[in-house]
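First to last, the protein sequences are chains A and B.
The first sequence begins at 1 in our numbering and counts up one residue at a time.
The second sequence begins at 1001 in our numbering and counts up one residue at a time.
Worth flagging that the hints you see were computed from the coordinates, not collected in a lab.
Being a predicted model, the structure only gives us computed values, none of them experimental.
None of the hints are false.
Distance condition first, Cα-Cα at most 25 Å in a straight line; then the derived DSS-like pairs of lysine-lysine:
#, chain 1, residue 1, chain 2, residue 2
1, A, Lys107, A, Lys89
2, B, Lys1005, A, Lys107
3, A, Lys89, B, Lys1005
4, A, Lys214, A, Lys204
Negatives, chain A to chain B, calculated, CB over 10 Å:
#, residue
5, Ser27
6, Leu161
7, Glu170
8, Ala171
9, Tyr172
Glycine included, every Cβ here is placed at the ideal spot set by N, Cα and C.
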Amino acid sequence: MHLEIRRLSKSYGFAWALREIDLELRSGECVALLGPNGAGKTTLIKTLAGIIRPTAGEILIDGARFTGQTARRLPRIGLLAPGDHLYEKLTAEENLRLFLALYGSEKRAAIGDALAQVGLQDWGREYVSAFSSGMKCRLSIAKWQLLDPGLLLVDEPYGVLDGGGVDLLEAYLTRVCRSGGLVVMATHHVARAAALCSRAVILKRGRVCFDEVKRSSWDSFFSAVGDFVPRGEAWPS
Amino acid sequence: MAFLKQTAWLLRKDLLLELRRRESLLAMFFFGVLLLFIFNFALDIERTKATEMAPGLLWLAVVFCGTLGMMQLFQPERENRCLEALLISPIDRATIFLSKSCFNLLLMALVELVVFPLYWILFGVTAWDRLPLVFLYGLLGTVGFCVLGTLFSALTLSARGREILLPLLILPLIIPVVLATIRGMDAILRNAEFAESLPWLNMLIAFDVIFLTAGILVFEWVVES
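Make a model of the complete structure from these sequences and hints.
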């Protein structure tokens, strides 16, 4: 997959959330999207997902112009937002069955395995409303494992997961990249992003202020991040 | 084929959720019954007049119950941002519109199945033989109401004060549907010639088709906005 973002802008009234973003992303990359609150990370993620219509600019996926309307004709786009996108009064299995049907997937027999892989094998027939935030996030991982997206957008996944859940998520994201998928992850967790991702993009007030592929010594990255993230728990020791 | 299958899956999901949440149907049902009782206590109507007034009073109850249901229509999609999940899935967005319209229609049809005979009982209307025709006619009107209501329910999804905004938007626009339904029902209850109700029937079908087509075409833009 080849994703091109050309002069992408989005405004909410008079406030610009994104301003003339230019990016080119390719299959196999795991891109960390960082920036302070209000930088435009979630807006960019949702614009890439086709949920938000940009004010100006365009997104090209494999050379084809992408809008929300064309989403159904393009490679699958996944959005992993912890705790979101699951029906509370459906069971875990019913949620997975519904989305498999909507995506035209035939993997219904694999639902049990997918739930087992994320440690929810005993929770398949429970309503999602009984799940904790971390369990919902695990269920979302199972959902996207089954749906197999070409572009996976992840919005701040670390806040709700326990240690096992984080390992599970990172193993899954690594698998997506290795199998030729593209991952774009918005996060505030600098250490995790630096360890997992192959490229970092930093947004500030809707503009890209840093875009670099990972190097063995990534001083420029830590220096750029240091402007808005105080050194602490989220940093590598 | 995939379009119909996806619509069926979404409709199944809505029915399952309603069965478990029991929010819309029960509220609509009790509201409809309550309205009829209030009409019955407040209006001292003779039996002959009750037949004449049936279309107007019944539709008043239907419109109020329907508006109540429409406020809850996208509630499951609002929770956990499930609408986003549907929007990024590779389905035609018209499937969301069609499934919601069908779901809405089913709920309202169930309410009408109770409310219409109850009116006959409460007000002592004797024309029981005309009740099925009145119901069928009412159902045609309900199609237009549901289709338009679904569209505006989606449009006001993230609007502030949507509980006030939604009826304000729907009610003026459904006047042609209400008018055609009431006049048609009236002709049936008066046992008038079929030719008398035909223009209203044509008008009703035309509005249903126009609203349905327009809904399918514009829903994509409505949910994105």
